[in-house]
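Student: So the chains spell out like this:
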Amino acid sequence: MIKPHTQIKKVFIEKGSLQYPLAQKVLKNLGPVPVEIINDEEEVIEKYNLLKDPVGEGKKALLLKPLKGDFIKPCPCTPHYLGCNYYIINTDLNCPMDCTYCILQHYLDNPVMVSHVNTNDLWEQLDRFLYQHRSRFIRIGTGELGDSLALDDITERSKEFIAYFREKTRVNFELKTKTINTDNILCEKPADNIIIAWSLNTELMAKKEEKGAPAVKDRIEAAYEVQKKGFRVAFHFDPLILYRGWEQDYRDIIDRLFSRIDPSGIAWISIGSLRFPKPLKTLIRKRFPLSQIIYEEMVGGKDGKLRYFKPMRLKLYQDIVRDIRSCGGKGVPLYFCMESNEIWRKILNKEPGSKEEVEAFLSLLPRFKAT
Amino acid sequence: MTNMKFTQIDTGTINTKERRFQISPYFSVDSLVLSIKKTGLLNPPVITKREEKHVIVSGWRRIFACRELSIPSIPVFVMDETKDLEAFKVPVFENLSIRDYTQIEKAAVIRKLDGFGESPENIIQRYLPLLKAPPTREVMDAYIKIDRLNENIKETAHNKKWPFATLELMTEWTERERQGLFPFVKELSLNKQKELIENLFEVSRKKGISVQSILSSGEFAKVQKDISLSPMQKAEKIRLLARTQRYPSLSSWKEAFEKVSENLNLPEEIAVIPSKFFEDEVISIRLNVKNKKELEKYADKLKELSSKKEISLLFNPFSHD
Ligand code: SF4
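Each protein sequence line maps, in turn, to chains A and B.
Following our numbering, the numbering of the first sequence begins with 1 at its first residue and continues without gaps.
Following our numbering, the numbering of the second sequence begins with 1 at its first residue and continues without gaps.
The hints are simulated quantities; they were obtained by calculation from the structure and are not laboratory data.
We treat Cβ as the ideally placed atom computed from N, Cα and C, and that holds for glycine.
Hints are not guaranteed to be accurate.
Which residues of chain B face chain A? A partial, calculated answer using Cβ under 7 Å [unchecked claim]: (1) PRO135; (2) THR136; (3) ARG137; (4) GLU202; (5) ARG205; (6) ILE209; (7) GLU281.
So that you can see chain A by itself, here it is in the shape it has in the complex (with noise of 0.2 Å):
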């Protein structure tokens, strides 16, 4: 697997962001490229604004910049369905991988990766943001704008966050990946709190829908190495796809996860199916005019994103979740990701009526004791 770090061919740094010690880590470990100061953003993307495919060649440059606002933020879930009340911390946006359904390719205004290097200021919101909420559990993570391992070889990010979170007990700290970048956490003391966590899916699909990402074999490889180190792992069966022969391959997948994984030391699973605003499937349409999964019979949600037509969903979900219970994963908790009431009565036979019971829900978990 060659490391997804290796694709960039250009660097852009914010003027005045060369000061900051982040920046020029990222600059000595990616080696020699090519580095064009700016003024500012915009200029970015501007320019990639006049390339044929602007997302795609976004992928192999990245910007050092800091972040002028805050770091941290409720993730914004999907309005009408259940939210879990989780946070996101904003360091690095993008991904130099290129999965079909990646909703970043319509999200961000700017298709070059970002760094934001002033990691001063991201210890310090921390700092401040877990205090004002010092009463309650915080459920946090770096892997919504992104693939919270992907440029860790170069940014080391892993690591500092870990030392930071190890001591926050209050608080459950996720890196979400679904590559297999996990030196820099094998180098580390596992922390009861600290969890890393896998987006899986089919072999099939991975191969066809997700390009740059390591195969599923790989990611449970991977899983099993840092669960074996004595962290905790969680796994997200997300997005789940239809297509023919589903059953069986997630079924596969399923088995194989629970023949390597200690199902004990399962932080949580999260399933969702796939979804998305409208405007992303045109641009999937054009992207990846090989790719089948939008021609499957998505209609609009309460959210106005399209979605499987609601039987097709249960049925999709009863069967995973059939899959893992009998695999191994009976104690494994199970949630969904912007999902509806009706699904979590229906197919977990819960249903918690607003994300702060989803949230207590998933953080009183007991603990997984490292051996």
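Fit chain B with the ligand to the supplied structure of chain A, relying on the hints for placement.
Tutor: Relative to the frame of chain A, chain B with the ligand by itself:
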């Protein structure tokens, strides 16, 4: 600034076959004829010379209206500009200041600017924002493709004001596919046109067969051969068939729901309405009443209905299978 000379010229000397600066050929002169008849030509067209002949830069409708009124000579501004790109900016900016362009006109503007040698950077960064379009290469390229569509499709798209997304989708079809579908599309209203184009495209891509193959098979072929149907009825049936093929589960769910509600023999004052795409489990019951007495009557009826076993089928029309 280009030199302009105000003068009077013979309408017959204008070469109306030369359309290099024309943005839209889809216009009618009827209302303008009436206005010129009443008040004369108030706003002189702009012309220039190419190969010793007068060609129109802007004011096509005005010149055609004057010709229809057999006005022998008209006042014009003659532009002393040999560069096509510079001359073309006149109608582009003139129209921009008075109205919104349709997507077809935007496509013509972009393709002509490109053809006259305007740089892609300028088209993307200067003109696309003026045309209220996203300033990206993808959008520029899409407009150029849209302008290459056949005239009959462009005319319908212009008149019905098709949105960009529908036109962009059309560019991904083959010419045969487009022409195969066109007779049906043109019979429908804008929203139905959009729906038919999108659904047929997606069915064809999902099945990996051409739109013609779909249209010439099974129910689609039957509809087309049915001489008892008018062109509009055929178009409507084709639209519904395409929808059923694109959304087979949703369609059968809908059909089953309708059957269940039909079997309940509800009075016409009571209607059961599922949520959009059955996404919500809630079913709405609409009751139309004129007075208290009717309300009591239908409330009783509703109560009676709720005790029927079949009522639960409304919440899952397939649960008896
Ligand atoms: S790995 Fe995640 S962030 Fe990267 S392209 Fe895929 S979905 Fe997007």
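Student: Hints the structure violates: just list their numbers, smallest first.
Tutor: Hint check: 6 fails alone, others pass.
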